[in-house]
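Novice: Could you put together the complete structure from these sequences and hints?
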Amino acid sequence: SADLSKRIAKAADDFARLLQACGPRARPDVFAQELTEMERLLAGWRPREGGETVED
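If you're matching positions, the sequence shown starts at 55 in my numbering and goes up one per residue.
Simulated from the structure, these hints should not be mistaken for laboratory data. Incorrect hints may have been included.
Pairwise CB distance ranges (calculated) [claimed, not checked]:
hint : residue 1 : residue 2 : range
1    : E88       : D67       : 38 to 44 Å
2    : A66       : L96       : 49 to 55 Å
3    : A66       : L95       : 47 to 53 Å
4    : E93       : A65       : 45 to 51 Å
5    : A63       : G98       : 54 to 60 Å
The beta carbon of each residue, even a glycine, is placed where N, CA and C say it ideally should be.
Specialist: Structure below.
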């Protein structure tokens with residue numbers, strides 16, 4: 055029916071406005087997260103006198 059079509063169109067407009075109001079959703083950058091974790095782990099390592107490494 056025409057009434058149902060109008061309600062659906064209004065709901066679609068409302069939904070689109072809601073999504074725009076919330077702003078874009080940033081997806082997590084898995085590569086950057088893993089790189090940050092590797093950098094953090096490597097920062098805790100320092101060379102020993104014999105050239106070996108030890109974690110603090």
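Novice: Please name the hints from earlier in the document that this structure breaks, with their numbers sorted from lowest to highest.
Specialist: Nothing - there is no hint that the structure violates, so all of them hold.
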